[in-house]
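A.B. asks: Chains as they are written, first to last, in numbering that gives the first Met the number 0: chain A, 0 to 146; chain B, 0 to 146; chain C, 0 to 146; chain D, 0 to 146.
Don't take each hint at face value.
30 Å max Cα-Cα, derived BS3-like pairs, lysine-lysine [as the list claims (entries may be wrong)]:
no., chain 1, residue 1, chain 2, residue 2
1, D, K60, D, K105
2, C, K75, A, K127
3, D, K127, B, K78
4, D, K127, A, K106
If you only want the chain B side, here are some residues facing chain A, beta carbon under 7 Å, derived [claimed, not checked]:
no., residue
5, Y12
6, Y21
7, T24
8, Q26
9, G28
10, F63
11, G67
12, E68
By construction, these hints were calculated from the structure, which means they are not laboratory data.
Glycine residues also receive a C-beta, built at the ideal position from the N, C-alpha and C atoms.
Below, each chain spelled out in residue letters.
4 protein chains.
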Amino acid sequence: MRQNLRNKTNMKYYHKDIRIRYAETDQMGVCYYGNYFVWFEVSRTEYFRELGFPYTEYEKKGIFLPVGEAYCRYHKSLKYDDLITVTVWISKLKRTSMQFSYIITKKGEKEPVAEGHTTHVFVNRDMKPCRIPEEIRKNITVVEGVK
Amino acid sequence: MRQNLRNKTNMKYYHKDIRIRYAETDQMGVCYYGNYFVWFEVSRTEYFRELGFPYTEYEKKGIFLPVGEAYCRYHKSLKYDDLITVTVWISKLKRTSMQFSYIITKKGEKEPVAEGHTTHVFVNRDMKPCRIPEEIRKNITVVEGVK
Amino acid sequence: MRQNLRNKTNMKYYHKDIRIRYAETDQMGVCYYGNYFVWFEVSRTEYFRELGFPYTEYEKKGIFLPVGEAYCRYHKSLKYDDLITVTVWISKLKRTSMQFSYIITKKGEKEPVAEGHTTHVFVNRDMKPCRIPEEIRKNITVVEGVK
Amino acid sequence: MRQNLRNKTNMKYYHKDIRIRYAETDQMGVCYYGNYFVWFEVSRTEYFRELGFPYTEYEKKGIFLPVGEAYCRYHKSLKYDDLITVTVWISKLKRTSMQFSYIITKKGEKEPVAEGHTTHVFVNRDMKPCRIPEEIRKNITVVEGVK
Numbered sequence: 000m001r002q003n004l005r006n007k008t009n010m011k012y013y014h015k016d017i018r019i020r021y022a023e024t025d026q027m028g029v030c031y032y033g034n035y036f037v038w039f040e041v042s043r044t045e046y047f048r049e050l051g052f053p054y055t056e057y058e059k060k061g062i063f064l065p066v067g068e069a070y071c072r073y074h075k076s077l078k079y080d081d082l083i084t085v086t087v088w089i090s091k092l093k094r095t096s097m098q099f100s101y102i103i104t105k106k107g108e109k110e111p112v113a114e115g116h117t118t119h120v121f122v123n124r125d126m127k128p129c130r131i132p133e134e135i136r137k138n139i140t141v142v143e144g145v146k
Numbered sequence: 000m001r002q003n004l005r006n007k008t009n010m011k012y013y014h015k016d017i018r019i020r021y022a023e024t025d026q027m028g029v030c031y032y033g034n035y036f037v038w039f040e041v042s043r044t045e046y047f048r049e050l051g052f053p054y055t056e057y058e059k060k061g062i063f064l065p066v067g068e069a070y071c072r073y074h075k076s077l078k079y080d081d082l083i084t085v086t087v088w089i090s091k092l093k094r095t096s097m098q099f100s101y102i103i104t105k106k107g108e109k110e111p112v113a114e115g116h117t118t119h120v121f122v123n124r125d126m127k128p129c130r131i132p133e134e135i136r137k138n139i140t141v142v143e144g145v146k
Numbered sequence: 000m001r002q003n004l005r006n007k008t009n010m011k012y013y014h015k016d017i018r019i020r021y022a023e024t025d026q027m028g029v030c031y032y033g034n035y036f037v038w039f040e041v042s043r044t045e046y047f048r049e050l051g052f053p054y055t056e057y058e059k060k061g062i063f064l065p066v067g068e069a070y071c072r073y074h075k076s077l078k079y080d081d082l083i084t085v086t087v088w089i090s091k092l093k094r095t096s097m098q099f100s101y102i103i104t105k106k107g108e109k110e111p112v113a114e115g116h117t118t119h120v121f122v123n124r125d126m127k128p129c130r131i132p133e134e135i136r137k138n139i140t141v142v143e144g145v146k
Numbered sequence: 000m001r002q003n004l005r006n007k008t009n010m011k012y013y014h015k016d017i018r019i020r021y022a023e024t025d026q027m028g029v030c031y032y033g034n035y036f037v038w039f040e041v042s043r044t045e046y047f048r049e050l051g052f053p054y055t056e057y058e059k060k061g062i063f064l065p066v067g068e069a070y071c072r073y074h075k076s077l078k079y080d081d082l083i084t085v086t087v088w089i090s091k092l093k094r095t096s097m098q099f100s101y102i103i104t105k106k107g108e109k110e111p112v113a114e115g116h117t118t119h120v121f122v123n124r125d126m127k128p129c130r131i132p133e134e135i136r137k138n139i140t141v142v143e144g145v146k
């Protein structure tokens, strides 16, 4: 497995651009609040790929990362066709769990429109907690996140 | 299995009431067109349960019903908090496939707001087509559906 | 408006049963984490209806309740066709904002499978904060919620 | 308006790449059938942008394109993290309505995994049918589509 890892030691942040879909709006004319958690997931997927260990590989090896906790704070609304940037990083790393933090801005802007975090437990096929694989752990740099 | 089947021979139609969720609206102020296919699925679930053979039982037995074709015609728009009735029935039945048809009305009204159909192939865990179990087939009455 | 209010003074909790949809599952075989926030919304809708002031009425009067914060803690997974009960109540009430809290159990069971909260700001059509209408405020009993 | 139109006369096909999200899978381990209609919408958005007249501009001008009919045929299943290409084009154009057709392939492959169409009526804010603006019509080349 190690040889498949691109040399991404000390990766800190990943920035994922997402275009807001019509399906993601609601009748208030803005994006429905539950969809932010989908964008969080999309940016996690790209974080893991960039780290050299795509999430599809985890599940093939029998490692799953169910969500233990999810939080989002909404500062400003988002609209259809807005182009956003989700900045994602790992803000906690324990023996069997990790926390991702997220800041959403409109692309090219600095002011956050939303921020949040999700915690994940590493489990095997029987949903028992297991240790985070060393090949992943050693490539991760933890940065303090959104509380 | 046969003894688990409630005596629903010749069931024709099932009527499922669904309350429209805020999440299902879009910025046009009406329900997003893709969600109608979710309500179709919800009504299929209830059709199978009423037939005496819940869909959860199919998958436990290694029978799956992926969708081969889906169609919807939209006559009138639906809004948040509308209470709709999905009338669902089986409109075709072959050796390894079946078709469901659907009419959506506002509850208590006769005018259809949408109608459609979905076709399904019976497959095993290897996604190979398989025959529809006799216990199901014999309880089904086919009624001509939405073209 | 007052005369439309059913006499629900001091309503504390509302219990909303929801059947899990196939669309709400993911390839882990359980419910996707973002959908819990949809069920929270469905239970808020029923809470307001039960209080005698359906949310559709708010928007007609030019009052909107965008979400300021959303949180969910996941204890156990949920599966397709599970029947859940969302218990919802108001856990904070300020001049221009309120917090809902939620506990999800499988119907008839006591152990929570998830719990969370959402905060909402009352705003007018220009998205400026406005006071919670007195007709609503006086019917609400606040109960301490999920932290 | 005309001066805003980039010179895209006779545009025929647009190809939109989409990465499948975890949220879009279901417990069968493949993509939920209703989500294909979301990808259709995403590719329509990009078609209109490429044509020089983004859909956001339509709604600002009081023109809406509700869906009249939607159809999809599913040939093969799609999985989480698959990268797909949606090829989209206009397959019918009438005075007040149009039809889009779609073919989905895995990126770089030729075999369709799904194909379909949607019809749209041009309406004004009162949901009355209206003519397709000439600036749009003249830039469109119609190609026969998926029946």
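A.B. asks: Work down the list of hints and note, for each, if the structure agrees.
C.D. replies: Against the structure, the hints:
The straight-line distance between the Cα atoms of K60/D and K105/D is roughly 36 Å, outside the 30 Å bound, and the hint therefore fails. Of the supplied pair hints, the one linking K75/C and K127/A holds, its CA atoms being roughly 12 Å apart against a limit of 30 Å. At most 30 Å may separate the alpha-carbon atoms for a hinted pair to count; K127/D and K78/B meet this at roughly 18 Å. Between K127/D and K106/A the alpha-carbon distance is near 36 Å, which puts this suggested pair outside the 30 Å criterion.
Hint status for Y12/B relative to chain A: violated, with the closest Cβ pair at about 30 Å, above 7 Å. The restraint placing Y21/B at the interface with chain A holds, with a minimum CB-CB distance near 6 Å, inside the 7 Å limit. Taking 7 Å as the C-beta cut-off, the interface hint given for T24/B holds, the closest approach to chain A being about 4 Å. The criterion of a C-beta within 7 Å of any C-beta in chain A is met by Q26/B, whose closest approach is roughly 4 Å, and the hint holds.
The beta carbon of G28/B comes within 5 Å of a beta carbon in chain A, closer than 7 Å, and the hint placing it at the interface holds. Taken as an interface hint, F63/B does not check out: its beta carbon lies about 19 Å from the nearest beta carbon of chain A, beyond 7 Å. Of the supplied interface hints, the one on G67/B is violated, with its beta-carbon coming no nearer than about 23 Å to a beta-carbon of chain A, more than 7 Å. Against a cut-off of 7 Å between C-beta atoms, the interface hint on E68/B is violated, since the closest Cβ of chain A lies about 21 Å away.
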